[in-house]
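**Student:** Chain by chain, the residues:
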Amino acid sequence: MTSFGTLLNDLINETVQTSLCHFAPELALSATVLALLLLRLFGSVDRWIPPYFTTLVGSLVALGLCGSQLLDLLNGSQEPGPFFTGLLVFDHFGAFVRGLLALFLVLVVALTVLTGIPDREDGPDFYTLMLGSTIGMMIMASANHMLMFFVGIEMASVPGYVMVGFLKGNRKSSEAAFKYVVYGAGAAGVMLYGISLLTGILGTASLPDMASHLAIVLGDGGGAGSAEGRTVLLAVLMVFVGLAFKLSLVPFHFWCPDVFEGASAEVAAFLSVASKGAAFALLVRFCLALVGPTPEAYPEFLTGIGLGLGAIAAVTVTFGNLAAYSQTNVKRLLAYSTIAHAGFMLMAVSALVVVMAKGSTIEGFDAAEAARMCVEGLLFYLFVYLFMNLGAFAVIALLRNQTFSEEIDSFNGVGWQAPALCSCMVVCLFSLVGLPPFGGFWGKLVIFMSLFNIGSNVHWFMWVLLVVGGANTVFSLFYYIKILKAMFMKEPLENARTVEIPSTISNYALLIALPVLLLGLFPTWTTSLAHGVATWLIP
Amino acid sequence: MDNILSLSALIFMPTIGALALALLFNNKAVEAMRVFTVVITAITFVMTLSLWSNFDPNETGIQPVVDGVNGVSVEWIGTWNIHYRLGYDGISLPLVVLTSFISMLAAMASWSINKLHKGYFILFLLLETGMLGVFLALDFFLFYVFWEVMLLPMYFLIGVWGGPRREYAAIKFFLYTLAGSVLMLIAMLMFYFGGGNEFNILTLTAIGQGKVPGLHFDEFTQITAFILLFIGFAIKVPCFPFHTWLPDAHVEAPTPISMILAGVLLKMGGYGILRIAFPICPVGAQYAAYTLVAIGVISIVYGGFAALAQTDFKRMVAYSSVSHMGYVILGMGVWKITADNGIMVTAGRDYWLMGMNGAMFQMIAHGVSSAGMFFMVGVIYDRVHHRDLNQFGGLFGLMPLYSGLAAGIFFAGLGLPGLCGFIGEVFVVLSTWNFSPVLAIVAASGVIITAGYILWTLQRVYLGSEYKGPHADEITPMNAREATIAITLLVMAVVLGVYPNLMFDVMNGSMAELVDGMDAGLRAAQQSGVSITAVPTP
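Going down the list, the sequences are from chains A and B. Reminder that position 76 of the first sequence reads as 75 in numbering that gives the first Met the number 0, one-by-one numbering, no gaps. Reminder that position 366 of the second sequence reads as 365 in numbering that gives the first Met the number 0, one-by-one numbering, no gaps.
The hints are simulated quantities; they were obtained by calculation from the structure and are not laboratory data. Take these hints with a grain of salt, some might be off.
Here are the simulated distance ranges between beta carbons [unchecked claim]:
id, chain 1, residue 1, chain 2, residue 2, range
1, B, G528, A, A310, 53 to 63 angstroms
2, A, S325, B, L214, 45 to 55 angstroms
3, B, N2, A, V112, 43 to 53 angstroms
4, B, L48, A, V112, 22 to 32 angstroms
Examples of chain A residues toward chain B, derived with CB under 10 angstroms [claimed, not checked]:
id, residue
5, D124
6, V425
7, L450
8, H530
Here chain B is said to cover these stretches of chain A; the calculated rule only asks that three of the stretch's residues, wherever they fall, bring their Cβ under 8 angstroms from a Cβ of chain B [stated by the list, open to error]:
id, stretch
9, 268-279
10, 499-512
All residues carry an ideal CB built from backbone N, CA and C; glycine is no exception.
All chains, full assembly: derive it from the sequences and hints.
**Tutor:** Laid out in structure tokens, this is it:
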């Protein structure tokens, strides 16, 4: 009995002293959810404290907690390690991505205040969903176990389905939500099956243990060609299906344009940035779990996965960019653009897996440094992407409130009516193309540098990706510029009303666009932070 | 530190002006904004002149030299060894001065802009910052950033204030240049990973020329990188077959922007070849020498014939740019080599140097004459609102001062002795004889085509008894502002034509260093095992 008592005591101690501290940002968000729901019960309180205010405070607290955790980790006053009995992990990478998510939450909530979606009545519901989804994404970012992997994805997705359908009277919105649910359920089912296969064969669901078990399975039975090997491969593919759905990679992207067109621009911004960021964090964790400490035991298996990811990345980028050409709805166009950007970021993951599979056996080549550069590129890209994509969606949402339309034509000539707001659009869109001196350029550059480096040292296929990426950068200019052309070079449509943007709203857009420019001019601080995070992830 | 501040002040002077325009000026204060822009560009011009007066022609490397180090720099992005590195030498200084000179005149020509003035002048000034930055940057990365920075204002300047097909022209210009930049970026990565993580153009040059022990670019890198870079820069020059964006962009752009396009932007291509592609990849340059010369000659002849066929005044001038910039590529490419003690060395170094000097001079001369030609087209277009060559005539009688100045500037473009166009062409053609007599003859005959289209144009526009086109009653003599611009350009054309040493004194030292450095690079490459064969050049 005493042994059970000690066990229980240890568990309580661990939970209270470590786990709950590490989990503080999520707890802050959960508390905000409770506050939102409870405040509504007392009618008058709700009137004094608007729901967005509660949400803003809660997410700022979460952001502060994430920031202090990251700082503590960087200066060594907190040690990284697993918590909640190994279900989640507390480390630099997780703290960085969670901080990013919290920051994004703050900015999106501020945007919803300005655009007035949701209205006061629906506020608590909407923000509850958004907060819940963010908690799920934070769990994705720190998942250390296949169970949390699945729980995180579902917790992030389910509120997302509702948010997409939040414009209740709008048929397109309902259709989008329905499509999203059906696709999401299908992908989740496949992924769950993959997870059960994988854990069944490997005998563990804990991410840090997977590699050693994988080495036994693939090493004993004669590599990836054996029955176990094939099953593992199948299981991994099925898990990737679930992630590919979240990342809207070709061929699991079909939901994306419809959902973005149907959902409000604010929700589309949330889905395109936060959900992608979390899914990339999870993808990196999963890939690194497969790589493990002894990748030389099964290099072909890993290289195959890396190249497969690379092929998907190339197809995704190209498809996203080509499909965006013919769009006339801005949100649909940006939906294809997010597909293309997911492809760019996936190139970094592909290069990461390829270099970690074989790189250490190549003489005179610092594989770990090359791998770190991939992660660095991915993290920097995500960081800039947060601002530039949110900026683009924010401008659309703010203009929509004036023009009542999201067709490209409806923006004709607004550039000269709202110069400050549309200049922000210029900054964000050119950053999405990847032109200096904007931040998006560095994101692409670091990824291209990794591809070049790994292509010339490890596998030629990365060169192919580099060429595809370069060509797509040129392609992408063509459709982003369609929006700018409408804004600045076309005459306003007949009977279009003149757009008048108050200066608070322009200031918000400037607040989003300024980091894009600053990250382009002075990327050092962020890249070295990203590099530091990558160094902890890949020692 | 002082040096870097003063050079940065020069580059960012127009940006400060643009900020001031954005924040301080009312949208309605059109005249004030025009004058303010002219003042800012004039200050920038004076600043470049002070660089010129402090230039030491005996120092062949990069200036300013501080504590024995060429150029000035501060760290920008330490992780990747990227520096904010500036400097100038005999190759870039004339182009820096040309940039600020043409920008000032273009600002004076901007009175014809009649809508959205504030946006126009802000973008105009940002464009000048980008151009100055390209010519003063000595870090490949910084060069690339400025190169791209210049694209954005240019896109809007053509696309918003241009002619009827402006959107098409603007996007075409943007796409072509961006495609070239991506190629440049790949070459940049090749240098970075092949050359010890360096972006410094001076260090890369030393590595490319085999002057850094333990580091060199192998044959594959040099040739591939050269081809990538050359395509990127050739799009900008532009030479055949990458020239098709140019007629559209020039025709649709408003007059002052056409002046800048022809006067400065095209020179960036030539400058990029001289600053980056040639010195870093001597093996690649030698590998492609014959192709370069052929491309130059084709551009001369093709551009000339195309100009001859045009009925649009501005399009004619645009194609004449293709033809004239062909001489630039031709002059650079005439690098003949011959066997000496078992290795290939430069044959007739002085001829090649002459060709390089001629190419460089041609860039400056074309900057003056083509900006002038575009301005002259703009002056008449502002009055009669058409550019059909067959509907002019008799302008000599109606606008005598304008016609006289125009004739002078067009003769400068033609290459009449005593005017600026002559010197460059003659240097280039003479040096080509050493490389390949056949191509020299073809290139020289290009002059006849040039004479053909220029004289025919003069005849159709200015001579004849009466003006036959529309808006005849709106033809008024030039005003003082227009006359000032035209006279300034014509005076420059005459000065450069009569006293070319003004430029040669400045550029010769740096050009000789470039030529000798490339020769040394070729020798070093052969010692490390690269086999070079001379292409037969009939």
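**Student:** Find the hints from earlier in the document that the structure breaks and name them by number, from lowest to highest.
**Tutor:** Structure breaks hints 1, 4, 5, 9, 10.
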